[in-house]
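Chemist: Letter by letter, the chains look like this.
2 protein chains.
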Amino acid sequence: MTPALKNDLFLRACRGEKTERPPIWIMRQAGRYMPEYQEIRKKTSFLGLCKTPDLAAQATMLPIDILGVDAAILFSDILIPVEAMGMELEFSEHKGPSFPQPVQSRMDVDRLLVPDPITHTGFVAEAIREITRRLSGRVPLIGFSGAPFTLATYMVEGEISKDFSRVKQMMFSEPETLHILLDRITETVIRYLEMQIEAGINAYQIFDTWAGSLSPVHYQSFALPYVRRIVDSLKRYGIPSILYVNGSCALLEDMVTAGTNVVSVDWRMSLSSVRERVPSGVAIQGNLDPVSLLGAPEILREETRRILDEMKGRPGYVFNLGHGILPSTPVAMAQYLVSLVQKGPDVPMPQRVGRV
Amino acid sequence: MTPALKNDLFLRACRGEKTERPPIWIMRQAGRYMPEYQEIRKKTSFLGLCKTPDLAAQATMLPIDILGVDAAILFSDILIPVEAMGMELEFSEHKGPSFPQPVQSRMDVDRLLVPDPITHTGFVAEAIREITRRLSGRVPLIGFSGAPFTLATYMVEGEISKDFSRVKQMMFSEPETLHILLDRITETVIRYLEMQIEAGINAYQIFDTWAGSLSPVHYQSFALPYVRRIVDSLKRYGIPSILYVNGSCALLEDMVTAGTNVVSVDWRMSLSSVRERVPSGVAIQGNLDPVSLLGAPEILREETRRILDEMKGRPGYVFNLGHGILPSTPVAMAQYLVSLVQKGPDVPMPQRVGRV
Numbered sequence: 001m002t003p004a005l006k007n008d009l010f011l012r013a014c015r016g017e018k019t020e021r022p023p024i025w026i027m028r029q030a031g032r033y034m035p036e037y038q039e040i041r042k043k044t045s046f047l048g049l050c051k052t053p054d055l056a057a058q059a060t061m062l063p064i065d066i067l068g069v070d071a072a073i074l075f076s077d078i079l080i081p082v083e084a085m086g087m088e089l090e091f092s093e094h095k096g097p098s099f100p101q102p103v104q105s106r107m108d109v110d111r112l113l114v115p116d117p118i119t120h121t122g123f124v125a126e127a128i129r130e131i132t133r134r135l136s137g138r139v140p141l142i143g144f145s146g147a148p149f150t151l152a153t154y155m156v157e158g159e160i161s162k163d164f165s166r167v168k169q170m171m172f173s174e175p176e177t178l179h180i181l182l183d184r185i186t187e188t189v190i191r192y193l194e195m196q197i198e199a200g201i202n203a204y205q206i207f208d209t210w211a212g213s214l215s216p217v218h219y220q221s222f223a224l225p226y227v228r229r230i231v232d233s234l235k236r237y238g239i240p241s242i243l244y245v246n247g248s249c250a251l252l253e254d255m256v257t258a259g260t261n262v263v264s265v266d267w268r269m270s271l272s273s274v275r276e277r278v279p280s281g282v283a284i285q286g287n288l289d290p291v292s293l294l295g296a297p298e299i300l301r302e303e304t305r306r307i308l309d310e311m312k313g314r315p316g317y318v319f320n321l322g323h324g325i326l327p328s329t330p331v332a333m334a335q336y337l338v339s340l341v342q343k344g345p346d347v348p349m350p351q352r353v354g355r356v
Numbered sequence: 001m002t003p004a005l006k007n008d009l010f011l012r013a014c015r016g017e018k019t020e021r022p023p024i025w026i027m028r029q030a031g032r033y034m035p036e037y038q039e040i041r042k043k044t045s046f047l048g049l050c051k052t053p054d055l056a057a058q059a060t061m062l063p064i065d066i067l068g069v070d071a072a073i074l075f076s077d078i079l080i081p082v083e084a085m086g087m088e089l090e091f092s093e094h095k096g097p098s099f100p101q102p103v104q105s106r107m108d109v110d111r112l113l114v115p116d117p118i119t120h121t122g123f124v125a126e127a128i129r130e131i132t133r134r135l136s137g138r139v140p141l142i143g144f145s146g147a148p149f150t151l152a153t154y155m156v157e158g159e160i161s162k163d164f165s166r167v168k169q170m171m172f173s174e175p176e177t178l179h180i181l182l183d184r185i186t187e188t189v190i191r192y193l194e195m196q197i198e199a200g201i202n203a204y205q206i207f208d209t210w211a212g213s214l215s216p217v218h219y220q221s222f223a224l225p226y227v228r229r230i231v232d233s234l235k236r237y238g239i240p241s242i243l244y245v246n247g248s249c250a251l252l253e254d255m256v257t258a259g260t261n262v263v264s265v266d267w268r269m270s271l272s273s274v275r276e277r278v279p280s281g282v283a284i285q286g287n288l289d290p291v292s293l294l295g296a297p298e299i300l301r302e303e304t305r306r307i308l309d310e311m312k313g314r315p316g317y318v319f320n321l322g323h324g325i326l327p328s329t330p331v332a333m334a335q336y337l338v339s340l341v342q343k344g345p346d347v348p349m350p351q352r353v354g355r356v
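Just so you know, the protein sequences line up as chains A and B, in that order. In terms of the working numbering, the first sequence opens at residue 1 and continues consecutively. In terms of the working numbering, the second sequence opens at residue 1 and continues consecutively.
In case anyone wonders, no lab produced these hints; they're calculated from the structure. Misleading hints may appear alongside valid ones.
Since copy identity is lost for identical chains, a pair holds within one copy or between any two.
To be verified - Mimicking EDC-like on lysine to aspartate or glutamate, the simulated pairs with C-alpha atoms at most 20 Å apart in a straight line are: (1) K162 - D65; (2) K162 - E93; (3) K95 - E159; (4) K343 - E39.
Take the sequences, apply the hints, and build the full model.
Modeler: The structure is reproduced here in structure tokens:
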């Protein structure tokens with residue numbers, strides 16, 4: 001039984017409803033910038049953390065307790081289901097995630113499984129149940145998955161890429177191979193999110209982080225249809241959905257047609273223009289520049305005020321950053337941001353922290 | 001005396017005139033993808049190449065002879081005038097350019113010079129005169145400079161950055177320091193481009209490559225005014241100017257107000273929407289995805305045709321890539337692209353090159 005929610009601002013905003021104030025959560029809100037996270041992380045590897053429900057639940061709870069955000073997000077990684085498809089996954093402190101044997105050919109694609117989510121990633125469902133217990137209705141829990149194109153970039157590039165030239169080379173040389181890969185990822189993601197929903201998440205976000213590297217015509221062919229299929233398949237559960245794309249200025253109208261309740265945008269466009277372009281009824285999430293949390297508190301206050309002003313009177317708005325919070329962010333600045341959004345510009349300002 | 005131009009398609013297109021066909025040149029057209037360039041490069045370091053007028057002229061001529069593009073662009077690097085401002089500059093094969101002592105404080109900014117361009121970078125003027133001799137009017141010669149914000153990113157980050165967090169941290173913590181830095185760079189760039197114009201270039205491009213990492217409101221404050229000042233200062237020379245920004249979808253209308261003859265855009269937006277947003281009279285340059293040159297020739301042909309169709313009937317169009325050509329590009333594909341634009345879709349297709 002899911003306990004009744006004490007704070008449902010986030011879910012109501014996702015549904016496009018008017019709220020007393022915008023809810024706030026922060027992408028990567030449980031992360032390296034928090035000493036308490038570093039403590040948990042010392043006990044195991046990054047993947048070990050993702051795969052140990054108790055630790056993942058501990059990490060998930062940190063920003064609820066320390067920042068007081070209006071939503072929790074499952075602590076995990078978008079590449080977890082990709083590993084379950086049969087790809088060896090490595091994480092290094094320095095380079096981030098990598099696949100030592102990236103997908104290079106049709107044969108590589110054919111070898112990939114559509115894994116049973118419980119068998120291969122049941123620890124995620126367990127973590128969700130554990131988090132739900134610990135939250136006991138304080139705030140909603142967001143689940144998530146990478147989108148097919150974004151997952152494909154990692155699978156084909158093998159590591160974090162500057163120009164996505166390998167996956168786009170596949171697109172420009174063997175588009176049918178890429179479509180088969182995307183199809184297989186899509187099936188995997190649908191089952192993976194079904195498992196999360198059945199375990200108790202209250203909303204889900206699809207991270208199509210790197211789809212903004214595509215021209216609109218390629219986005220329409222290699223990214224959007226797969227996200228749409230996921231959203232359609234999960235509609236029957238009736239929980240809110242969010243689509244995030246980094247660098248989505250030219251894709252916004254297309255993104256809306258994916259059918260999620262919320263579109264989440266980065267800081268490279270103004271929310272005044274976003275609200276003009278996104279039909280009412282579709283909620284908006286974003287879009288503070290994460291670097292603003294490394295600057296002066298009085299400038300952060302101005303940036304926050306500007307964004308709140310741009311969205312004033314627009315029902316269905318979730319405050320967030322435009323991308324993940326940076327590891328060098330002072331916790332006091334993240335706390336200050338949450339207070340600014342929840343309580344207004346007169347909350348006490350933290351001591352100015354020296355430049356990192 | 002400048003010889004009369006035999007092919008002035010590029011200059012006419014820059015001025016917004018109707019041309020028989022779009023001219024084409026390629027960003028980084030003299031570069032690592034060409035074996036002939038690698039040969040020249042063997043003789044010296046990258047900076048040595050930039051600083052040896054004869055070698056810089058040789059490199060500049062390669063794409064004219066090998067690809068037959070409609071414009072030459074000075075072989076140089078945007079960081080040359082920055083080194084002249086008093087910053088030690090290093091190039092490594094692996095990491096690209098770096099400044100071992102990046103700008104970190106107001107004191108660092110105060111130490112920077114506005115160098116006399118002839119004294120410190122006279123080799124660039126010499127290279128331009130040498131190239132002009134060798135071109136003897138075959139095609140126009142484009143000079144260039146980095147824009148103040150983009151140069152500041154390198155100076156503050158110290159090396160190529162993923163998220164520009166250092167320069168933006170300065171923006172969010174000490175905006176006045178960044179403005180003073182930008183002001184000093186602007187003065188340097190104006191003198192540097194004046195020298196290039198007086199040495200004989202026929203047009204110039206300002207690379208504000210990384211300004212697309214800014215939100216519109218910060219672009220309007222930390223990038224645009226400085227570019228506008230440069231363009232205003234150089235207007236009296238009457239040669240065409242181009243402003244390039246990578247990821248400029250949300251900035252396009254602002255870019256136009258910088259006052260260049262041409263705006264140059266990347267592949268992340270469709271040219272159909274660009275031509276709607278850019279007033280007639282302002283020319284457009286771009287926007288093929290550089291990765292399309294690594295794919296199948298028949299797909300490159302389709303991509304090229306789509307772009308030409310999108311710009312059909314729009315006077316003032318210069319075909320180019322959306323960003324620099326990639327080092328792994330097969331020369332045959334670059335040649336094919338030039339032929340497609342100059343002669344149409346029926347030119348012979350190169351053998352399909354294996355995936356790199």
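Chemist: All the hints need checking, so say for each whether the structure fits it.
Modeler: Results for each hint:
1. K162 - D65: neither (36 Å within a copy, 31 Å between copies)
2. K162 - E93: both (18 Å within a copy, 16 Å between copies)
3. K95 - E159: both (8 Å within a copy, 17 Å between copies)
4. K343 - E39: For K343 and E39, the Cα distance exceeds 20 Å both inside one copy (30 Å) and across copies (64 Å).
In summary, the numbered hints that this structure violates are 1, 4.
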